[in-house]
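Put chain B on the given structure of chain A with help from the hints.
Here the protein sequences come in this chain order: A and B. Here the numbering used here is used: the first residue of the first sequence is 155, the next is one more, and so on. Here the numbering used here is used: the first residue of the second sequence is 139, the next is one more, and so on.
These are calculated hints, taken from the structure and not from any lab test. Take the hints with a grain of salt, since some may be wrong.
[Said to hold, decoys possible] If the Cβ cut is set under 8 Å, some of the chain A residues that face chain B in the computed set are:
#  : residue
1  : A185
2  : Y187
3  : G196
4  : L197
5  : I205
6  : G212
7  : L244
8  : V250
9  : T257
10 : G258
11 : E264
12 : G265
13 : T269
Backbone N, C-alpha and C fix where the C-beta goes; we use that ideal spot for every residue, glycine too.
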Amino acid sequence: DGGITQSPKYLFRKEGQNVTLSCEQNLNHDAMYWYRQDPGQGLRLIYYSQIVNDFQKGDIAEGYSVSREKKESFPLTVTSAQKNPTAFYLCASSIVGQGRAHTGELFFGEGSRLTVL
Amino acid sequence: AQKITQTQPGMFVQEKEAVTLDCTYDTSDPSYGLFWYKQPSSGEMIFLIYQGSYDQQNATEGRYSLNFQKARKSANLVISASQLGDSAMYFCAMREEGTGRRALTFGSGTRLQVQP
Chain A
155 DGGITQSPKY LFRKEGQNVT LSCEQNLNHD AMYWYRQDPG QGLRLIYYSQ
205 IVNDFQKGDI AEGYSVSREK KESFPLTVTS AQKNPTAFYL CASSIVGQGR
255 AHTGELFFGE GSRLTVL
Chain B
139 AQKITQTQPG MFVQEKEAVT LDCTYDTSDP SYGLFWYKQP SSGEMIFLIY
189 QGSYDQQNAT EGRYSLNFQK ARKSANLVIS ASQLGDSAMY FCAMREEGTG
239 RRALTFGSGT RLQVQP
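So here's chain A without its partners, still in its complex pose (with noise of 0.2 Å):
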C-alpha cells in the first residue's frame, strides 16, 4: 500500500543529544514536509523540500536540520540546540502540480512522539 511511514513511533532523548526522524514515502511525490504539533495546538511547518537536493526552512526552522537526498526520504534531525524538543512530529507529502486537477493536500504518516527526559 502507497503511504507514509515515520520511525520511531515513540523516542525518548536526553537533553543534549541530537536525534533523527525517519519519514519514507512512496506515493511518488515531490514534495516533502516536517511539521511540530506541540499539546493543543496547531502544527507549524519547520521544514519543506520541493525537489530532491533542495529544502527551504519554515517558520520554526531553529534548532533542526533535514536532508533530500532521494525522492522517497526527508529525515529530521532535532539538534542540542533545539531548546524545547518535547513535541509530537509529523511528515507529510504532496505532489507538486498546479491547476483544478491537483488540490495538492498534504498526506500525513502516523507521526513520531518524541520526549526529552
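Below, chain B without anything else, positioned relative to chain A:
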C-alpha cells in the same frame, strides 16, 4: 497577524445532529486553497475537504461541506448527521498559491465531541 483563526477551542454536538466548525483566514493573495483535516486521538491527519478561491460552488464530500464566504474570508466546515466516530480535533488550513510554497498553514484547531 494570524493567517488562520479557529475561535472554537471545543464543541459539543448530539449524535445525528449537524455541527458547524468556524474558520476565518487572512490573505492578500487572490489565489489560495482552503483545507480541512481531522485528527483523531491516534494522531494521524486525515484530509476531509478542499475549496479553491476561484471555485464558484461550495465543496462537498459526503457528510462534509464547506460554507465558503469569500467576502467575509470564512470557510466553515459543516458536518451533517454527526456520528460518534466524528469526535476528534479538526484543523482548518490554507495554501497561498502566489508564494510558490506548497506547504499549508494551519489553525489552532477545534476539538469536537459527539455525544450519544
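Hints breached by this structure: 5 and 13
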